[in-house]
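Work out the full structure, taking the sequences as your base and the hints as a guide.
Residue numbers (UniProt numbering): 1 to 448.
Quick caveat, the hints were computed from the structure, so don't treat them as lab data. Hints should not be assumed to be uniformly reliable.
In silico DSS-like links for lysine-lysine, alpha-carbon gap of 25 Å or less [said to hold, decoys possible]: (1) Lys119 / Lys157; (2) Lys37 / Lys96; (3) Lys321 / Lys238; (4) Lys143 / Lys45; (5) Lys321 / Lys262; (6) Lys119 / Lys235; (7) Lys422 / Lys395; (8) Lys238 / Lys157; (9) Lys15 / Lys32; (10) Lys355 / Lys307; (11) Lys321 / Lys422; (12) Lys20 / Lys87; (13) Lys87 / Lys32; (14) Lys32 / Lys119; (15) Lys321 / Lys355; (16) Lys15 / Lys87; (17) Lys307 / Lys235; (18) Lys238 / Lys119; (19) Lys45 / Lys87; (20) Lys235 / Lys211; (21) Lys235 / Lys37; (22) Lys87 / Lys157; (23) Lys262 / Lys220.
Note that this is a predicted model, so its numbers are computed, not measured.
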Amino acid sequence: MGNRQFVNFFDGYAKLNSWKFPGNGSAFFSTKFIQSKVYTESLAKNDIAPYLTFEGVNPPFDEVERYESFLLNMDNTVVNVFNYSNKIVAMNDIWKVYEINPHTLDTIGVVNPPTPPTKYSNLGRLNVMSTAHPVAEYGTGAKFDILNTFSLLPGTKERLSVVRVTSLEGRELVAEWEIDQTSYMHSFAVTPNYVVLLAAPYYVNMDNMLKYASVVGGMKWNAQDNSTFYVVEIKTGKVHTLVSGNAFVIHHINAFELPDDKIVLDAPVHPNPYAFSIYDLSYIHNKTQRVTLPAIPVLTRFTLDLKTQSVQRVSFDSGPKAPCVGALEMPVFNENYRHMNYCIVYGQVINYNGKGFSHIALVKKNVCNNAGDLMYTAPHQYLTEPWFVPNPDGKEEDDGVVMASAFDGDKQESYLLMLDPKTMTEINRSYMPTRIPFNFHGRFFDIV
Numbered sequence: 001m002g003n004r005q006f007v008n009f010f011d012g013y014a015k016l017n018s019w020k021f022p023g024n025g026s027a028f029f030s031t032k033f034i035q036s037k038v039y040t041e042s043l044a045k046n047d048i049a050p051y052l053t054f055e056g057v058n059p060p061f062d063e064v065e066r067y068e069s070f071l072l073n074m075d076n077t078v079v080n081v082f083n084y085s086n087k088i089v090a091m092n093d094i095w096k097v098y099e100i101n102p103h104t105l106d107t108i109g110v111v112n113p114p115t116p117p118t119k120y121s122n123l124g125r126l127n128v129m130s131t132a133h134p135v136a137e138y139g140t141g142a143k144f145d146i147l148n149t150f151s152l153l154p155g156t157k158e159r160l161s162v163v164r165v166t167s168l169e170g171r172e173l174v175a176e177w178e179i180d181q182t183s184y185m186h187s188f189a190v191t192p193n194y195v196v197l198l199a200a201p202y203y204v205n206m207d208n209m210l211k212y213a214s215v216v217g218g219m220k221w222n223a224q225d226n227s228t229f230y231v232v233e234i235k236t237g238k239v240h241t242l243v244s245g246n247a248f249v250i251h252h253i254n255a256f257e258l259p260d261d262k263i264v265l266d267a268p269v270h271p272n273p274y275a276f277s278i279y280d281l282s283y284i285h286n287k288t289q290r291v292t293l294p295a296i297p298v299l300t301r302f303t304l305d306l307k308t309q310s311v312q313r314v315s316f317d318s319g320p321k322a323p324c325v326g327a328l329e330m331p332v333f334n335e336n337y338r339h340m341n342y343c344i345v346y347g348q349v350i351n352y353n354g355k356g357f358s359h360i361a362l363v364k365k366n367v368c369n370n371a372g373d374l375m376y377t378a379p380h381q382y383l384t385e386p387w388f389v390p391n392p393d394g395k396e397e398d399d400g401v402v403m404a405s406a407f408d409g410d411k412q413e414s415y416l417l418m419l420d421p422k423t424m425t426e427i428n429r430s431y432m433p434t435r436i437p438f439n440f441h442g443r444f445f446d447i448v
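Okay, here's the thing in C-alpha cells:
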C-alpha cells in the first residue's frame, strides 16, 4: 500500500469469500473486502494506516505512528467468521468484531461489546485481547470466549476472564482470576461442565508491543517454563490449576468428560510458537528456506485428573494409509459431536512429504482406530484448510462433505473442492472467476 508493505501474511487486509448452494446443482461465488477502519483509512491515504499489526511493516512506522498503532490496537479481523445469534461477525484475537451481512458481504459496522463488571480494579488496565475461536456452550445457544486484561502499572497483576457470549453485544462473566503474566491463547476447549484453557509460556509484553508496534514483537517464548491448564467450573466459576510440561497449542479440537473427575482434551501440540514464522513473506518467498518447517505439530491427547491435579499426555500413531496425519493442523470435526467422546477429525498437513511448504495434504484422523486414517493430495494443487459440513440426516460421524478452497497450479485458477469424508476422494470441484489467496478459517452457515 503506497510505499509500505506488510511483512507477514496475517496482516493482509481481510477479504471474505462466500459460496452459496441453492440446491439445484449450481454454486454462486462472491468476494469482498471487510470495510474495517484500517482498510478504509489505508486506502484513503495510500499508505498503511498506523494500527497494531501482527509483525510490522516495511519501512517501519516512526515513533509517533508506533504509539498511535498501540493506542488504536489491531483492527484487521482477518482470522475467522462466526455466528452470534444469527449475526455473522469477522474476528481476530481481539475483543472487538466486525458485523457482516452474509447475503451481500457488506460490512455493517464495528462492534465493541461491553466488558462484564469485575470485582477487580480496572485502573491502569487494558481489555483488548480475546480469541478468534469462541466455543459453543453445551445445551444452550450461547458461546464462550476469554478476555485478557493487561496491566500498564508496575507491580500490579494481570487478569484472565471466561465470558459467556449471549448475543452480538451480550457478555456475561463466568469466572475471573489474577495472573502474573498473560499467555497468548488463540483457542480453548469446552465440555458440558468445564471451560479449559491452556496457558503456554508464550507471554505478552505490552512494553515491547508498543516498542515494535506488532504482536510478534511483544511476545516472548520461555522454553524452560511449564504450561498451565486452567479448568473453570461453568456453574460456580471455580478455577482448578493444573501444571503440565511445556506445550504450545494454537488450535484445540475437542474435549469431553470421563467419570471420576477426568477431562480428555485433543489438540495439535507444537514444540514452540515458531510455526507462525511460515507466514512470514520472507519465508514464503524463499525457495530454499520453505523446504523445511520451523516447527511440526504432534496430535496429542491430554487427560486432566481434577482429583489428583495431574496431567497425562500421549500422542496418536498414524495409520498406514496416512503416515503424515499425526502432524495435522487447522483441525475441524463434526460439530454435532462437540463436548462428547468422538472419533474423527479432519485437518491440513503442510509439507506432508518433506518436499516443501506448498506440498499440502488434507487428512482424516480416526482417534479411535488409526486404520481409518486417510489423506487426499493431488499434484500441483494447493489446498487450504478444510471444513466439515454434516449431513442433516446423517447417522454416522463422517456422514457429510469436506470442503476446502484450493488453487490449481496447472490451470492457474482457484476452485472449491468437495471431498467424500468416508473415503477422502474428490466428489466435485467448482472453479472461480478469480484467484483466491491462501486463506484462514472458513465456516458453513445454514442461515444464509
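Against the structure, the hints:
1. Lys119 / Lys157: holds, 14 Å
2. Lys37 / Lys96: Since the Cα atoms of Lys37 and Lys96 sit roughly 12 Å apart, the hinted pair holds (cutoff 25 Å).
3. Lys321 / Lys238: violated, 44 Å
4. Lys143 / Lys45: violated, 38 Å
5. Lys321 / Lys262: Measuring from Cα to Cα gives roughly 32 Å; hence the hint is violated.
6. Lys119 / Lys235: Holds, at about 18 Å.
7. Lys422 / Lys395: holds, 13 Å
8. Lys238 / Lys157: holds, 19 Å
9. Lys15 / Lys32: holds, 6 Å
10. Lys355 / Lys307: Answer violated: Lys355 to Lys307 is near 46 Å, above 25 Å.
11. Lys321 / Lys422: holds, 13 Å
12. Lys20 / Lys87: holds, 17 Å
13. Lys87 / Lys32: OK: Lys87 and Lys32 at ~18 Å, within 25 Å.
14. Lys32 / Lys119: Given pair Lys32, Lys119 is violated - Cα atoms ~42 Å apart, limit 25 Å.
15. Lys321 / Lys355: Holds: Lys321 and Lys355 sit about 19 Å apart, inside 25 Å.
16. Lys15 / Lys87: holds, 18 Å
17. Lys307 / Lys235: The given pair, whose Cα atoms are some 18 Å apart, holds under the 25 Å limit.
18. Lys238 / Lys119: Satisfied, since the Cα-Cα distance of roughly 15 Å is no more than 25 Å.
19. Lys45 / Lys87: Distance ~31 Å between Lys45 and Lys87 Cα, so the pair is violated.
20. Lys235 / Lys211: Violated - the C-alpha atoms of Lys211 and Lys235 are around 41 Å apart, more than 25 Å.
21. Lys235 / Lys37: Not OK: Lys235 and Lys37 at ~38 Å, beyond 25 Å, violated.
22. Lys87 / Lys157: violated, 35 Å
23. Lys262 / Lys220: At roughly 32 Å apart (the allowed maximum being 25 Å), Lys220 and Lys262 break the hint.
Checked against the numbered hints above, the structure breaks hints 3, 4, 5, 10, 14, 19, 20, 21, 22, 23 and satisfies the rest.
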